[in-house]
Amino acid sequence: MKLLRAHNLSKSFGGVQAVQDVDFDLEQGEIRAIIGANGAGKTTFVSLLSGRITATAGTIEFRGQDITDLPIHKRVRKGIAYTFQITSIFPNLTVLENAAIAAQNRFHASPATIPTDGHPDIYRNANAALQQVGITALQDEPAGAIAYGHQRLLEVAMGLALNPLLLIFDEPTQGLSDAEIQDFCKLVKQINQSTTVLLIEHNMSVVMSLAHRITVFDRGQVLAQGSPDQIRNNANVQAAYLG
Amino acid sequence: MTPAKINSGNSRKIISLHLAVIVILFLLQFVLPEYHHLTMTRIMILAIFAMGYNVLFGYTGLLSLGHAMFFGAGLYGAGLTAYHLGWSVPLAFASGIIAGALLSLLVGCIALRTTGVAFMIVTMMLAQVAYLATLYFTRYTRGDEGLVLSQASRSFEFFGATVDLTNPSTRYNLSLALLGITMSIIYRLVRGKTGRALVAIRENEPRAQMLGYNTFAIKLKALLVSGTLSATAGATFALLFAYIGSSFTTIQYSIDALLFTLLGGPGTVLGPALGTFLMFYLVDIASQYTTAYLLVTGLALIFLVLYFPKGILGTIKHRWLPWLP
Ligand SMILES: Nc1ncnc2c1ncn2[C@@H]1O[C@H](COP(=O)(O)OP(=O)(O)OP(=O)(O)O)[C@@H](O)[C@H]1O
Ligand SMILES: [Mg+2]
Numbered sequence: 324m325k326l327l328r329a330h331n332l333s334k335s336f337g338g339v340q341a342v343q344d345v346d347f348d349l350e351q352g353e354i355r356a357i358i359g360a361n362g363a364g365k366t367t368f369v370s371l372l373s374g375r376i377t378a379t380a381g382t383i384e385f386r387g388q389d390i391t392d393l394p395i396h397k398r399v400r401k402g403i404a405y406t407f408q409i410t411s412i413f414p415n416l417t418v419l420e421n422a423a424i425a426a427q428n429r430f431h432a433s434p435a436t437i438p439t440d441g442h443p444d445i446y447r448n449a450n451a452a453l454q455q456v457g458i459t460a461l462q463d464e465p466a467g468a469i470a471y472g473h474q475r476l477l478e479v480a481m482g483l484a485l486n487p488l489l490l491i492f493d494e495p496t497q498g499l500s501d502a503e504i505q506d507f508c509k510l511v512k513q514i515n516q517s518t519t520v521l522l523i524e525h526n527m528s529v530v531m532s533l534a535h536r537i538t539v540f541d542r543g544q545v546l547a548q549g550s551p552d553q554i555r556n557n558a559n560v561q562a563a564y565l566g
Numbered sequence: 073m074t075p076a077k078i079n080s081g082n083s084r085k086i087i088s089l090h091l092a093v094i095v096i097l098f099l100l101q102f103v104l105p106e107y108h109h110l111t112m113t114r115i116m117i118l119a120i121f122a123m124g125y126n127v128l129f130g131y132t133g134l135l136s137l138g139h140a141m142f143f144g145a146g147l148y149g150a151g152l153t154a155y156h157l158g159w160s161v162p163l164a165f166a167s168g169i170i171a172g173a174l175l176s177l178l179v180g181c182i183a184l185r186t187t188g189v190a191f192m193i194v195t196m197m198l199a200q201v202a203y204l205a206t207l208y209f210t211r212y213t214r215g216d217e218g219l220v221l222s223q224a225s226r227s228f229e230f231f232g233a234t235v236d237l238t239n240p241s242t243r244y245n246l247s248l249a250l251l252g253i254t255m256s257i258i259y260r261l262v263r264g265k266t267g268r269a270l271v272a273i274r275e276n277e278p279r280a281q282m283l284g285y286n287t288f289a290i291k292l293k294a295l296l297v298s299g300t301l302s303a304t305a306g307a308t309f310a311l312l313f314a315y316i317g318s319s320f321t322t323i324q325y326s327i328d329a330l331l332f333t334l335l336g337g338p339g340t341v342l343g344p345a346l347g348t349f350l351m352f353y354l355v356d357i358a359s360q361y362t363t364a365y366l367l368v369t370g371l372a373l374i375f376l377v378l379y380f381p382k383g384i385l386g387t388i389k390h391r392w393l394p395w396l397p
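Same order as they appear, the protein sequences are chains A and B. First residue of the first sequence? That's 324 in my numbering, and the numbers climb one at a time after it. First residue of the second sequence? That's 73 in my numbering, and the numbers climb one at a time after it.
Hints are not guaranteed to be accurate.
In silico lysine-lysine, DSS-like type, Cα no more than 25 Å apart, as pairs [claimed, not checked]: (1) B:265 <-> B:85; (2) B:382 <-> A:397; (3) A:512 <-> A:401; (4) A:397 <-> B:265; (5) A:401 <-> B:293; (6) A:325 <-> A:401; (7) B:85 <-> B:382; (8) B:85 <-> A:401; (9) A:509 <-> A:397; (10) A:512 <-> A:325.
Cβ-to-Cβ under 8 Å is the rule here; a few derived chain A residues that face chain B [unchecked claim]: (11) 390; (12) 393; (13) 400; (14) 405; (15) 411; (16) 412; (17) 415; (18) 416; (19) 427; (20) 428; (21) 460; (22) 471; (23) 472; (24) 485; (25) 499; (26) 500.
Calculated directly from the structure, the hints in this document are not laboratory data. Since we're looking at a predicted model, the values are computed, not measured. The C-beta atom is built at its ideal place from N, Cα and C for all residues, glycine as well.
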């Protein structure tokens, strides 16, 4: 089943055509990687999906529903979570409170499953998210004071606390150590058991080990799309990007 | 400033603390000399104003320089209806509160399109418009000179009992009751989901939005609560002290709300009340020695912003009592 479908999606900033007539769809349950050179339009494209910016033209469907004109918060509540390319947390609040802020707006497939016990429930879900990324021990620290790698994990935990159907990462491994990157890959595989994952990634070994399919962006357009092997062997991609 | 985790031990401590404050204020009236008795009544009303201001500034992170207009909406909403239409005290009081709520929504729809410095300027300009309006409609407001409510319009029947607002003890205890109600409204608001949403907006609005919060609606709600509480203080002031003048809508009063909040501790329930108490007496004492008490206000403001941004209770909370709401 298609989870998400974008049709003819375009975005221009003044004269710059950052995203141009992109057709794109996501299969439920897959891990999709988006790769492409700096300035290719990757962040702009996923920002259109999350609602952070509005499209100049084109449509977006999520679970068969047109979400093109929905504001950000409504898309989140439909199950689309987005983590920023530049770490964006609540630095003055504790790690647990950061996760609780997300857990409060947890996605529920049907109103009937929304629990009524309020706060305890929020903290239970926040805790579960911290546990999943492995930073429970830091829960009472101010988020601004923990290590960068842990802040990235907190970002992921905030995404998870939303219980999303689709989790979008924008360059999640940027600035992480090799060991942290390995852990991150394990984490994504685990997350993928229940959630569709879309990630923008420059690190090709991460892409090759995680992605079921890869979409290559070049100057605002989709240059190629396919399995890791197909992309590796694609002549256009090699010429334009992999070198 | 993190809302501490909910646990029953903390809520018992918190409720005891707030009750203790109310009880102390209640007992004070029996020992205070007349002058201070009256001063405390004023302070409690202004504390309601500051606590309302704090919902927007301390918890939501929006610095308004125009809250005097909400105080004024309550003051005139109650005062004009009592004076010109002869409305009874309860009706006039309600009309002041409703005027404040309506003005809050209106101002919210205009000013919440902006944030930061632009928000300060827009709220200041709107408050200036409100101030000029009180002068422009001099026929009804008598501008600077103001209106004085008649003796007769200041008592009302309440479940068979006659409440006389010229009685100092009645005024003191009514103000105290309203302060207690305000405290519990704010406490409930900031301890719940709304409080978490407000703090999320204060700390990082784009992220809050990306975590599913309708930040405009939440800010509008904060402004509505904030403006309506400020108006409640204004309406109380008008009815208890029987004087309604445009000086209450000047920028001076907007700055006072900011100052009281900064001194006591933005983002804490009791901070603004403490700040109001201390600042009121500071200015009171300073004005015995100098007519330049505005200078005191200005200097205090600069000092607080530069060296003491968490205020008294904010600092205590940060250092020693993280459970303080
Ligand atoms: N807000 C904006 N205003 C103007 N131009 C923009 C804006 N955002 C992006 N652009 C331009 O759009 C193009 C695509 O940028 P985008 O950030 O989407 O690229 P990217 O593929 O994410 O690059 P990177 O790998 O460096 O993150 C670039 O030319 C960029 O300069
Ligand atoms: Mg990018």
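For the pair supplied as a hint, residue 382 of chain B and residue 397 of chain A, confirm whether the alpha-carbon distance does not exceed 25 Å.
-> Not OK: residue 382 of chain B and residue 397 of chain A at ~34 Å, beyond 25 Å, violated.
Given hint residue 401 of chain A paired with residue 512 of chain A - CA-CA distance at most 25 Å = holds, 23 Å
Hint status (Cβ of residue 471 of chain A to nearest Cβ of chain B, threshold 8 Å) | With a closest approach of 17 Å, the residue 471 of chain A hint is violated.
For the pair we were handed, residue 265 of chain B and residue 85 of chain B, check the Cα-Cα distance against 25 Å.
-> Judged against 25 Å, a Cα distance of about 20 Å means the pair holds.
Interface hint outcome for residue 427 of chain A [beta carbon to chain B under 8 Å] = Holds, about 6 Å.
Is the hinted pair residue 85 of chain B and residue 382 of chain B satisfied, with a Cα-Cα distance of at most 25 Å?
-> With Cα atoms ~22 Å apart, residue 85 of chain B and residue 382 of chain B stay inside 25 Å; holds.
Given pair status - residue 293 of chain B, residue 401 of chain A, alpha carbons within 25 Å | holds, 23 Å
Interface restraint verdict for residue 428 of chain A against chain B (beta-carbon cut-off 8 Å) | This interface hint holds because 3 Å falls under the 8 Å limit.
Straight-line Cα separation of residue 397 of chain A and residue 265 of chain B no greater than 25 Å?
-> holds, 18 Å
With a cut-off of 8 Å, does the beta carbon of residue 472 of chain A approach a beta carbon of chain B closely enough for the hint to hold?
-> Because about 19 Å separates residue 472 of chain A from the closest Cβ in chain B, which is outside the 8 Å limit, the hint is violated.
Tell me if residue 400 of chain A is really an interface residue toward chain B, meaning its C-beta lies closer than 8 Å to one of theirs.
-> Where the cut-off is 8 Å and the nearest Cβ of chain B is about 5 Å from residue 400 of chain A, the hint holds.
Please work out if residue 509 of chain A and residue 397 of chain A have their alpha carbons no farther apart than 25 Å.
-> violated, 30 Å
The earlier numbered hints that this structure contradicts are 2, 8, 9, 11, 12, 21, 22, 23, 25, 26.
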